[in-house]
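J.: Here's the letter readout for the chains.
There are 2 protein chains.
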Amino acid sequence: MLENKNQEKTDLESLGEFGLIDHLTQQFTIEQKSTIKGIGDDAAVLDFKDNKTIISTDLLIEGVHFDLSYMPLKHLGYKAVMVNLSDIYAMNAKATQITVSLAVSNRFPLEALEELYAGIAMAAKIYNVDLVGGDTTSSQTGLIISITAIGEAKDKDIVYRSGAKENDLLVVTGDLGGAYMGLQVLEREKAVYQVNPNNQPDLEPYSYIVERQLKPEARRDVFDLFQKLEVHPTSMIDISDGLSSEILHLCKNSKVGCNLYEDKIPLDPTVISACEEFGIDSTLVALSGGEDYELLFTLDQKEFPKIKGNPNLTVVGHMTAENEGAHLVSRNNSKIPLTAQGWNSFAKT
Amino acid sequence: MLENKNQEKTDLESLGEFGLIDHLTQQFTIEQKSTIKGIGDDAAVLDFKDNKTIISTDLLIEGVHFDLSYMPLKHLGYKAVMVNLSDIYAMNAKATQITVSLAVSNRFPLEALEELYAGIAMAAKIYNVDLVGGDTTSSQTGLIISITAIGEAKDKDIVYRSGAKENDLLVVTGDLGGAYMGLQVLEREKAVYQVNPNNQPDLEPYSYIVERQLKPEARRDVFDLFQKLEVHPTSMIDISDGLSSEILHLCKNSKVGCNLYEDKIPLDPTVISACEEFGIDSTLVALSGGEDYELLFTLDQKEFPKIKGNPNLTVVGHMTAENEGAHLVSRNNSKIPLTAQGWNSFAKT
Numbered sequence: 001m002l003e004n005k006n007q008e009k010t011d012l013e014s015l016g017e018f019g020l021i022d023h024l025t026q027q028f029t030i031e032q033k034s035t036i037k038g039i040g041d042d043a044a045v046l047d048f049k050d051n052k053t054i055i056s057t058d059l060l061i062e063g064v065h066f067d068l069s070y071m072p073l074k075h076l077g078y079k080a081v082m083v084n085l086s087d088i089y090a091m092n093a094k095a096t097q098i099t100v101s102l103a104v105s106n107r108f109p110l111e112a113l114e115e116l117y118a119g120i121a122m123a124a125k126i127y128n129v130d131l132v133g134g135d136t137t138s139s140q141t142g143l144i145i146s147i148t149a150i151g152e153a154k155d156k157d158i159v160y161r162s163g164a165k166e167n168d169l170l171v172v173t174g175d176l177g178g179a180y181m182g183l184q185v186l187e188r189e190k191a192v193y194q195v196n197p198n199n200q201p202d203l204e205p206y207s208y209i210v211e212r213q214l215k216p217e218a219r220r221d222v223f224d225l226f227q228k229l230e231v232h233p234t235s236m237i238d239i240s241d242g243l244s245s246e247i248l249h250l251c252k253n254s255k256v257g258c259n260l261y262e263d264k265i266p267l268d269p270t271v272i273s274a275c276e277e278f279g280i281d282s283t284l285v286a287l288s289g290g291e292d293y294e295l296l297f298t299l300d301q302k303e304f305p306k307i308k309g310n311p312n313l314t315v316v317g318h319m320t321a322e323n324e325g326a327h328l329v330s331r332n333n334s335k336i337p338l339t340a341q342g343w344n345s346f347a348k349t
Numbered sequence: 001m002l003e004n005k006n007q008e009k010t011d012l013e014s015l016g017e018f019g020l021i022d023h024l025t026q027q028f029t030i031e032q033k034s035t036i037k038g039i040g041d042d043a044a045v046l047d048f049k050d051n052k053t054i055i056s057t058d059l060l061i062e063g064v065h066f067d068l069s070y071m072p073l074k075h076l077g078y079k080a081v082m083v084n085l086s087d088i089y090a091m092n093a094k095a096t097q098i099t100v101s102l103a104v105s106n107r108f109p110l111e112a113l114e115e116l117y118a119g120i121a122m123a124a125k126i127y128n129v130d131l132v133g134g135d136t137t138s139s140q141t142g143l144i145i146s147i148t149a150i151g152e153a154k155d156k157d158i159v160y161r162s163g164a165k166e167n168d169l170l171v172v173t174g175d176l177g178g179a180y181m182g183l184q185v186l187e188r189e190k191a192v193y194q195v196n197p198n199n200q201p202d203l204e205p206y207s208y209i210v211e212r213q214l215k216p217e218a219r220r221d222v223f224d225l226f227q228k229l230e231v232h233p234t235s236m237i238d239i240s241d242g243l244s245s246e247i248l249h250l251c252k253n254s255k256v257g258c259n260l261y262e263d264k265i266p267l268d269p270t271v272i273s274a275c276e277e278f279g280i281d282s283t284l285v286a287l288s289g290g291e292d293y294e295l296l297f298t299l300d301q302k303e304f305p306k307i308k309g310n311p312n313l314t315v316v317g318h319m320t321a322e323n324e325g326a327h328l329v330s331r332n333n334s335k336i337p338l339t340a341q342g343w344n345s346f347a348k349t
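Respectively, the protein sequence lines represent chains A and B. Residue 11 in UniProt numbering sits at position 11 of the first sequence, with consecutive numbering throughout. Residue 61 in UniProt numbering sits at position 61 of the second sequence, with consecutive numbering throughout.
Treat the hints as calculated values from the structure; they're not laboratory data. In this text, a Cβ means the ideal position worked out from N, Cα and C, and glycines have one as well. One thing to keep in mind: the hints can contain errors.
Here are the simulated lysine to aspartate or glutamate pairs, DMTMM-like style, with alpha carbons at most 20 angstroms apart [what the hints assert, rightly or not]: (1) K154/A <-> D50/B; (2) K252/A <-> D300/A; (3) K306/A <-> D281/A; (4) K33/A <-> D47/B; (5) K154/B <-> D281/A; (6) K215/A <-> D175/A; (7) K33/B <-> D47/A; (8) K154/A <-> E230/A.
One side only, chain A facing chain B, incomplete, derived with CB under 10 angstroms [said to hold, decoys possible]: (9) T29; (10) E31; (11) Q32; (12) S34; (13) S56; (14) S86; (15) Y89; (16) G133; (17) G134; (18) S138; (19) P201; (20) K306.
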């Protein structure tokens, strides 16, 4: 996990809870005008003036959401922030603050938490969000990360899941399936490593999809893109569980149906070749893979000229009447009902 | 944990993540004007208009912060909310919303989570806060609860840890040490039960302190009391770790010292008798016991007439120059330096 396995490690116990918080958070500065009081009191104080306050929270559990055997702690810290910011951007809002709570077992030395916080700090700096609070405690087993992201938006800019209308276009940012295929590569290499620890994996051909898994980026740029293009989505959600599950969320909340066209789903060539290598259907990966943190939104057809040809945006379908249901229109033109095959963390595998 | 151990249990897996969230949150309604959008989107949307937004977060871990062998799940849900609201009240703010994230292992049936949410719902109703978001996932071992509390306050009303001045009075609400002694009673009864499961404990003589441990109340009333008495504390903190640790936080943040008078520390008669029974020093319990969720604040001496004789408030000392340090003035008039003996969750016990 750490670069130098021989360096001397510092026990968390020697710092105590308050010392640990002070130590880990000293690198964070306040950059947002809306942050009145950050870390160091019972609560943070924020001032959004005429803007609305946007709040989202996520809990990441070792062994369920991440595997430290191939996820470097710095990447994990970065990704944990991305997962949360993605929810704020999915409201078409600006992310402004985060709180980070950690539970760690004694098997983690201070240096491991420093790595984790280095990733959190990097994400906070790049995405311009202030760390304003949190909690640090012990766990009896693994690492637990709980992040709350806070943002702000003008009332007129906020995009809910519930505004999609019949005939609206269904649009996705970026490409899909990369994070899932990156995970397949990492899990295969882990299995190889367990058999022969001297085997050095060559991840170079998979660098795009491995990075999609280990260091995803939330689509902050899409907020600016919408402003620039002067488009206003009618509904939006981030793609954390897979395209299929997210489409069903939009349909349910907006009381509409949907036709998704298989041949329109944007896939990176690396994803397609990895799918061939692993013998997995690439459409299934895009539909159910998850963790891509792209945005899925609907748009009035009248706005199509504004997004036409934009390399960041792909029209993948259109919304229909609710009673028509949500379907995948396959390459051979058959209609297959979409099902929420999103990852079920309660499945007893 | 559940009233009827023989009733049929429902697997979490059969509901899936989204079904579970829907099921558990259907009992919650939106009561706060500031809640524009609660559960059911990527993030919640809140509107605090001219008021400041207050945010606090806490993480509670099974085996570290609670023991389900004597903590009923409904009480746990209630207490988890209290722990967080207490931080908002400690800013002299009004609590308005919460988010609740849970990680549970498969050993919990749906009915157990319903109990937990019944406690959360009761707390939300009594304290008038809206549940506006969260996350529900699996854990490989125990139960993990992460709550973020959100509140609002007028700028002029907010009380930080940093405003205490030399000669200010140090004031505590309610009485101290009850939660810790309640825990001692519960742990003793657990040990007795483990030896002889037929032994029915008589907790009646300890009902006050057991309730302080299992069902603490956050001091929402103090905000109203301050308004009524027209007092404005110069600094404030909630007593979660113990009086000693909290005083040191105020001193450090306000750059002052403190004299705390042992004979002024408010103790309930039940705490005193339990301390005698267990052979524990009651002052030590108040200083280091924690979990009382009372408020500790400082007040300009000129305001003393306004609080004099108020049964909710006890003057326990006064602030001094920073270089005088923070001391307990004992009953025999010796000065003992205060140390942060707050519970260290990283201690390898």
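J.: Now, for every hint given, state plainly whether the structure supports it.
T.: Do the hints match the structure? See the list:
1. K154/A <-> D50/B: Distance of about 14 angstroms is within 20 angstroms: holds.
2. K252/A <-> D300/A: At roughly 18 angstroms apart (the allowed maximum being 20 angstroms), D300/A and K252/A satisfy the hint.
3. K306/A <-> D281/A: 33 angstroms, violated
4. K33/A <-> D47/B: 18 angstroms, holds
5. K154/B <-> D281/A: Outside the cut-off at roughly 56 angstroms; violated.
6. K215/A <-> D175/A: The given pair, whose Cα atoms are some 15 angstroms apart, holds under the 20 angstroms limit.
7. K33/B <-> D47/A: OK: K33/B and D47/A at ~18 angstroms, within 20 angstroms.
8. K154/A <-> E230/A: 15 angstroms, holds
9. T29: Violated - the Cβ of T29/A stays beyond 10 angstroms from chain B, reaching only about 18 angstroms at its closest.
10. E31: 17 angstroms, violated
11. Q32: 12 angstroms, violated
12. S34: At about 8 angstroms, which falls below the 10 angstroms cut-off, the nearest Cβ of chain B leaves the hint on S34/A intact, so it holds.
13. S56: 4 angstroms, holds
14. S86: S86/A check passes; min Cβ-Cβ to chain B is 8 angstroms, inside 10 angstroms.
15. Y89: 8 angstroms, holds
16. G133: 6 angstroms, holds
17. G134: Given a least distance of 6 angstroms, the restraint on G134/A holds.
18. S138: 4 angstroms, holds
19. P201: With a closest approach of 26 angstroms, the P201/A hint is violated.
20. K306: 23 angstroms, violated
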